[in-house]
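Number of protein chains: 2
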Amino acid sequence: MNPTIELLQRHRSIRKYKSIPLDSEQIIAILHSAQMASSSSNVQAYSVIAVTDPAMKKELAVLTGNQAYVEQCPLFLVWCADMYRLREACEMQGTEMVHGTMENFIVATVDTALAAQNAAIAAESMGLGIVYIGGIRNNPREVTKLLQLPELVYPVFGMCVGYPDHTPEIKPRLGSKAVFHHNTYDTAGVRGEIENYDQVMRAYYLERTKGKRDTVWSKEMADKYRQPIREHMRAFLEEQGFRFD
Amino acid sequence: MNPTIELLQRHRSIRKYKSIPLDSEQIIAILHSAQMASSSSNVQAYSVIAVTDPAMKKELAVLTGNQAYVEQCPLFLVWCADMYRLREACEMQGTEMVHGTMENFIVATVDTALAAQNAAIAAESMGLGIVYIGGIRNNPREVTKLLQLPELVYPVFGMCVGYPDHTPEIKPRLGSKAVFHHNTYDTAGVRGEIENYDQVMRAYYLERTKGKRDTVWSKEMADKYRQPIREHMRAFLEEQGFRFD
Numbered sequence: 001m002n003p004t005i006e007l008l009q010r011h012r013s014i015r016k017y018k019s020i021p022l023d024s025e026q027i028i029a030i031l032h033s034a035q036m037a038s039s040s041s042n043v044q045a046y047s048v049i050a051v052t053d054p055a056m057k058k059e060l061a062v063l064t065g066n067q068a069y070v071e072q073c074p075l076f077l078v079w080c081a082d083m084y085r086l087r088e089a090c091e092m093q094g095t096e097m098v099h100g101t102m103e104n105f106i107v108a109t110v111d112t113a114l115a116a117q118n119a120a121i122a123a124e125s126m127g128l129g130i131v132y133i134g135g136i137r138n139n140p141r142e143v144t145k146l147l148q149l150p151e152l153v154y155p156v157f158g159m160c161v162g163y164p165d166h167t168p169e170i171k172p173r174l175g176s177k178a179v180f181h182h183n184t185y186d187t188a189g190v191r192g193e194i195e196n197y198d199q200v201m202r203a204y205y206l207e208r209t210k211g212k213r214d215t216v217w218s219k220e221m222a223d224k225y226r227q228p229i230r231e232h233m234r235a236f237l238e239e240q241g242f243r244f245d
Numbered sequence: 001m002n003p004t005i006e007l008l009q010r011h012r013s014i015r016k017y018k019s020i021p022l023d024s025e026q027i028i029a030i031l032h033s034a035q036m037a038s039s040s041s042n043v044q045a046y047s048v049i050a051v052t053d054p055a056m057k058k059e060l061a062v063l064t065g066n067q068a069y070v071e072q073c074p075l076f077l078v079w080c081a082d083m084y085r086l087r088e089a090c091e092m093q094g095t096e097m098v099h100g101t102m103e104n105f106i107v108a109t110v111d112t113a114l115a116a117q118n119a120a121i122a123a124e125s126m127g128l129g130i131v132y133i134g135g136i137r138n139n140p141r142e143v144t145k146l147l148q149l150p151e152l153v154y155p156v157f158g159m160c161v162g163y164p165d166h167t168p169e170i171k172p173r174l175g176s177k178a179v180f181h182h183n184t185y186d187t188a189g190v191r192g193e194i195e196n197y198d199q200v201m202r203a204y205y206l207e208r209t210k211g212k213r214d215t216v217w218s219k220e221m222a223d224k225y226r227q228p229i230r231e232h233m234r235a236f237l238e239e240q241g242f243r244f245d
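Which chain is which? The protein sequence lines are A and B, in order. Residue numbering for the first sequence follows full-length UniProt numbering, starting at 1 and increasing by one per position. Residue numbering for the second sequence follows full-length UniProt numbering, starting at 1 and increasing by one per position.
In short, the hints are calculated from the structure, not lab data. Be careful, since some hints might not be right.
For chains that are exact copies, the list does not tell them apart, and a pair is met inside one copy or across any two.
With a cut-off of at most 20 Å between alpha-carbon atoms, the simulated SDA-like pairs for lysine to any residue come out as follows [what the hints assert, rightly or not]: (1) K177 - T52; (2) K145 - G189; (3) K224 - E91; (4) K210 - R191; (5) K219 - N66; (6) K177 - E193; (7) K57 - N42; (8) K145 - F180; (9) K145 - T184; (10) K145 - P54; (11) K212 - L237; (12) K18 - D245; (13) K16 - T52.
Being a predicted model, the structure only gives us computed values, none of them experimental.
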């Protein structure tokens, strides 16, 4: 096992940050690493808004569901799927961009995630911590207005970056047989793997909360998925000019 | 700059592989690293099909657009967004999963991409090469049948993994000012950045093709986006049970 693999495997999300700013070399290393991730046909269909303004971070902390670390972290990155720049490129060539398919949406969303994960690894390799903020989709219209995102851009997730001020336990994952299949997908093994993981997570929650939280993964998932989540996303994306034909 | 950041920044896609199989320790390291990537609320909404069967790789090479390296590489990973397992978890708890929103689709697609990028980095850290295969979406129905993917699972992209048998140039990226914005999105600078990048890419293409390919990035993008791409994706995803309300 080499140091990079060790780094990848000791990831934990950091939700408490020291009040130490990042220096510009660190930020450049993070962003350049992000840019070198793979991109579908080199379309590079993403942009990043680096938010350091304290008032904006404070507002974003509220908009993402009152997550204090969004305000505390020295650098808050908003990772956006971006087809605006591609439309500009097309227009510079006198071409009208056709961008109305689900395929276009998938490519932009995946490009964004690949770049962001490279940024996360780069940050962690320098002793920094990160946490992804899906809550950026709680109030995407307000985020879009605050960050002045143009049409054909949407915030996929946020990311706090900074010096960790705690060391949480590494969260156990599903057994590898639940996630990995050889040549064909094996549905027969799935429920047994969930049962195994339920017991692992029960022990994890009990220990982490000193016996207060007695639950299992499948119950957490059932509680989460018994109602629709962020139902505003489709309409918001259409307002931003995305189509899904 | 530490070794991990150097690794991230020297990524190139590998499209020629030596005929050396991977050992099981390598595969375990890649897959475990993938699992340790962040996941939205720990839903882990992805699965990976590791294809090593030669006949299947041959068929996938055709289905992805006659990409020979899909057949040549010792390990072909098909990264799938997966809500099937979550539905199983809900059913084990007697809950009917509500999964019909764009939000659910984004979460599953992003979870898949984050895990895959960790796998890519782990592989590269061991001296292996990778290339993402968006062509897996050329014929998603046939891929789904071949890999026996159940409902609520879709192949987002493939990934070749193996020992590199060439060392392509690192592809230049857009200038950082095109991609990164400070506090708010700056639309004013975008076209100038595209013009700069066009010149960088022109030189890159000319040198790589010994003068044969004289083009710029914006023209490549205009040629790509003047027609809809993979228009079958929406209908395919709906056949797999995904909804986008």
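Against the structure, the hints:
Taking CA atoms no more than 20 Å apart as the test, K177 paired with T52 passes between copies only; the shortest distance there is 16 Å, against 42 Å inside one copy. In this homomeric assembly, K145 and G189 come within 20 Å of each other (Cα to Cα) only across copies, at 19 Å, whereas the closest approach inside a single copy is 46 Å. Only between protomers do K224 and E91 lie at most 20 Å apart by alpha-carbon distance; the minimum there is 13 Å, versus 43 Å within a single protomer. Taking the shortest alpha-carbon separations for K210 and R191, neither the intra-copy value of 28 Å nor the inter-copy value of 56 Å comes in at or below 20 Å.
Taking the shortest alpha-carbon separations for K219 and N66, neither the intra-copy value of 25 Å nor the inter-copy value of 44 Å comes in at or below 20 Å. Taking identical chains as interchangeable, the C-alpha atoms of K177 and E193 lie at most 20 Å apart only when both belong to the same chain, with a minimum of 7 Å there against 46 Å between chains. For the homomeric pair K57 and N42, neither the shortest alpha-carbon distance inside one copy (31 Å) nor that between copies (25 Å) is at most 20 Å. Proximity of K145 to F180 under the C-alpha cut-off of 20 Å is restricted to the inter-copy arrangement: shortest distance 17 Å between copies versus 41 Å within a copy.
Proximity of K145 and T184 under a CA criterion of 20 Å is satisfied inter-copy only: 9 Å between copies versus 45 Å inside one chain copy. Proximity of K145 to P54 under the C-alpha cut-off of 20 Å is restricted to the intra-copy arrangement: shortest distance 17 Å within a copy versus 51 Å between copies. Within a single copy, K212 and L237 get their C-alpha atoms no closer than 40 Å, and across copies no closer than 41 Å, so neither meets the 20 Å cut-off. Taking CA atoms no more than 20 Å apart as the test, K18 paired with D245 passes in neither setting, with 46 Å inside one copy and 40 Å between copies.
Proximity of K16 to T52 under the C-alpha cut-off of 20 Å is restricted to the intra-copy arrangement: shortest distance 17 Å within a copy versus 43 Å between copies.
The structure is inconsistent with the numbered hints 4, 5, 7, 11 and 12, although it conforms to all the rest.
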